[in-house]
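Chains A and B, in that order, give the protein sequences.
Just so we're aligned: 44 in the working numbering is position 30 of the first sequence, and the numbers increase by one with no gaps anywhere.
Just so we're aligned: 484 in the working numbering is position 483 of the second sequence, and the numbers increase by one with no gaps anywhere.
A portion of the hints provided could be inaccurate.
[What the hints assert, rightly or not] Okay, the calculated beta carbon distance ranges per label pair:
no., chain 1, residue 1, chain 2, residue 2, range
1, A, L288, B, T353, 17 to 23 Å
2, B, L485, A, P274, 46 to 52 Å
3, B, L838, A, V244, 46 to 52 Å
These aren't lab readings, by the way, just hints derived from the structure by calculation.
Note that the Cβ used here is the ideal one computed from N, Cα and C, for glycine as well.
Below, each chain spelled out in residue letters.
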Amino acid sequence: MITGPRELALDVEVIAQGPYGEPIATGSRTPRDALPGDTLALAPVVVDAEGRLDPTELEATWMLCNGIYGCLLRGDEVSQRPTCTGDEIQPRSPCRFADGGRVTLTLADLPEQIPLEGFTVFDLLTGPTVAMVASPPGGPGLEACLSRLDARARMDGCLLTERVLGLGPLGEMVALLEQAGIDPGIGPDADTLLARPRNRNPAVEELVVSHGDETRVVAAGSVVAVPSDVEISLTVAATDDDYDTYEVELEDQRVSFSDPLTAQWWLDTEVEQLEGTSGELTTRLLAEGPARVRVYVVLRDGYDGEGWGWLDLEVGG
Amino acid sequence: MVGVLDQAFGASRRLARLAPCGLAGLLMLAPGPTARAGKPDRSEPDRSGPHRTEPGAVEPDRDEPDRPAPGCAELGCGRLIGEARIAGQRVPLPGAVVIVMPAPAGASPGPYRAAAEEAEPAWVLSQRSDADGGFRFDDLPASLVRVAVLAPGYERRDHVMEIERDVTVRLPLYLPALAENPFRTVVASQPPSRGHVSEHRLTKEEIATLPGSQGDPLRALQNLPGVARPPLGLGLLVIRGAAPNQSRVFMGGHALPRAFHNLSLASVFPADVLDELRYQPGNFDAAYGNATGGVVLIEPRRGRRDGLHGYGEVDLAAASALLEGPLGKGSFIVGAQRAYIDGVLATAASVTERVTGEPSSLLLPRYYDYQALFDHPLPDGAWLSVRAFGSGDVLRARSSPYAAQSSSFRLQTDFHRADLVYRRRRNGWSVRLTPSFRYEINRLVAGSDAFRRRRRDYIGSARAEVVRTIGRRAELTVGTDFELDAYSTLDEQADPGFLTEASDYVQERMHGLQATLGSYASALLRLGPVTLRPGARASAFTVGDRAAFSIDPRGIVDVEPNERWRVSLGLGRYSQVRSIADRNEVDLVDQSTGIQGASVFLPSAFGNLDPAATFAPQDTQLNVREALHASATVQYRFGDGGSAELGGFLRNQHNNVPPVDDGSSNPFDSVSRAVGLEALVRHRVTDKLYGWVAYTLTFADLLLLQTPPGFPYTKRPSDYDQRHNLVALLSYALPEHWRIGARFRLVSGLPYTPVVGSVALPGGFQPIFGLRNAARLPLSHQLDLRVDKRWIRDRATVSAYVDVQNVYNRVNPELVLYAADFRSEAGYVGLPIFPSLGVRVDW
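All chains should be modelled from the sequences, with the hints used to inform the complete structure.
What follows is the structure, encoded as structure tokens:
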């Protein structure tokens, strides 16, 4: 339940393409996979009891680490991390690359020297991880949050989040390496992985609201009247664009592959959630009115892509 | 009346003055059983049980002549042969006074209740029962007669029966004990021959009736000073802030591989096979090594020779039984215990699942233990004992039909041990030789059967000790002990390809040898009120081709200016070897267990609830922990066997963490330090009421000797830094063999590592932990009650008990619950009110 500032998601999208890969086609979903040289825009989705906080009002700093997660808990002093040089996709040691609630990050070019022995393209794809430490308005302040993190003291009021920046698509990464004369170390049975297009973030545009015999499709951000003390079902109305479906020819057959979508639900009011608190695209609630309940949902595609939306339920008396 | 009393009993004038008028008063007093009956074997301490109290045993005067019965010519005569036995145990009652007289007018054959005022009988015959409780009256007139049997400490029994001419009648009579004396504080009038600054003893009867301990001998120790209350009140032994694996339990001179069953639910041996349990929290004798905390010394008792006896007991968690009796010139005991708590929990889980529809995953513990003891006297006062005992534990995951996946987790730990003990005392020499063989097996299956481990140990050990007593002022002890452990391990890991056949497992085998060898010597010198007890122990430890050594000098000074006061001071060095990887490798206690949407992280102290299953020592260096013990105690003995004592202790232990690979000293080398006070007042307020109050104040820390740069602390609280521990305990014997006991406990919370925040990740939150043990659980207190009732029948005694822990249902914090995002505490987890009950039949 949302009782104070809470990081629900991280908006990450490629806003400028670098020198590599096929031109990114326009579409209804923002691109998520990035290649070396691409520029990403990052902004946290922080909500409180009043709604979403403007990211620019956060006092925030951003860090880049190699590998997958654990960027903020590597044992070094986060308050003393140096500024990133910008010449490594995955920096050897954690560094800070930007301050503020909305930031951009331009990925470095391919490393000039890649260790040849045992190297595979997956070594590049395991990260990097981006982390944010922030203080909301009225919070303890960014410097206090950083020093508390270093001292392992209570961090009440501080916001911390991490995401893996997915490099891809895999097919274009492999092509890049081959152009550079590097064996990407990928096996012959990876057609399905190589054919996968650049990943895009899913989005929550519509939700299906059901109670009793009544079913409606409503736009995200709407206010929907529902009866009190009646089981209400909410389902994310995901589309083909969210599933990123693509086809691959396998043994003379066309086989389709889609992203595994999951949803995470949040409420700002104490209501009984009958199921679907995490993972399910559908959640069932039992609310007692009169009350207005804000429901947030974050939709994830299993490849670091995520989108979010909200709905207000006006629960009758 | 007084004249009759004198004639019947030859009683002293003091008894005559005390006797009320009337035959009833006459029959209620009698001298007690005398030392002439059943003289115990004095060549060894009497370890047969139960011990019979002999309060105020009085040597009787010679019997005066009875008032003779009418001659046989008048009525004809018959014969009466009988036995006096203790009710419930069938044990003969020697020295009981048996009186035969005419039955009162109107009485009919059968049990008879004496009236307050009765006329003097026409004739009276009396005698005492012999060593077998037997009595015999020849030439009783053929008529209705009344037989009365009296003995101090026992209810009298009257029985009316018909004597027929030329007929012999038999009459067994069972006398119930008048008052129970379950509490017998052992307060030696002379200092024991073994050195100790602070030693406490618990008798079998105390263990059985202490509230909250459920009859478990090692959990009963938690009521004594210096022993902390462990997590969930389970049976870990945390002595003066030391981790449980730094203290040892010795049974019959050999260390037990583990003292508790799974999850520390119960000890691996029952209280009924113990002669006595001695607990020494520090500065213990040089005879015991490889421990830096405290020791618990247990000697098994000998079986009873006064007939075949035994018991059967069932409670909510386990069933047990025991049989003992004479065997040739010796005696035997066989006993066993089997837990079925896994069945109880599995049934509860099934019911819960049917109601909620949610899978209920549980770890199900099951255990057994057995004991077989045989003792036989040898010529020249020697004794030979043969002992076999063992214990087995299984901990397995319950497969729920509601769960998507089943778990194959199973941990099995067994040990079986056989001891020979030869003891002899003669002419100031005392010898004890005890070889022992132990077999252990540990098996682990985990990860959906993808991972299997097995370890077998074949362990030979022995202890040889000679004590020479030189007059009344000196005693010298020399001894040696060793343990040789040949182990073999097998690790099997499923090939990550296809798990179809056993041949798909990748196997790794290891074997090796571990040994410990100790030699010790100590002396006892009595110089008036001062007793000196210097000693030393040399130890060698080996694992494969690695070895470590230690020399531990120890000494104690006792000053007893009079019979009441005693001051003891102790100083000594204590060593324990550990292979770095020689730890609980099972790690069942998951550090991130979710409960109902919240998350809980277990304090470090919970780690010792893992079964003590070690698999592979691995190729690492040995480290020998070296501890300095210093303690001082002042004791005052009350006249009734109670005492009050106040002491202080210091334990300073260098953990000697081995150097790093390049040979430089390890930056995490540390010292564990504990200092504190202990107080105990133990008192029998009345014959029916006993109690004690124990208080311990402890400061236990870990100090890093060479803090790495940037490391956040140089000193932190130890995992078992329990600042205050107060136990107040009372037990009261009510009429009709009821007993009620209460225990109140007030304890400081253990340290724990708090969660100070979290990192939001896709789909969840990663907790951020604060500094190790930077927070502390709140104070806890609880009241436990126990009610016992005994029904004493002629041939058996039935006992029942109800033991309720946490009577007022206080949520004493054991664990901190966090919200799903770890940004706030959701509350505490604690044990609710917990009743248990059991029934036992002794015969």
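Structure-based check of each hint:
1. A:L288 x B:T353: 17 to 23 Å: holds, 19 Å
2. B:L485 x A:P274: 46 to 52 Å: Violated: the Cβ-Cβ distance is about 58 Å, outside 46 to 52 Å.
3. B:L838 x A:V244: 46 to 52 Å: With a Cβ separation near 47 Å, L838 of chain B and V244 of chain A satisfy 46 to 52 Å, so the hint holds.
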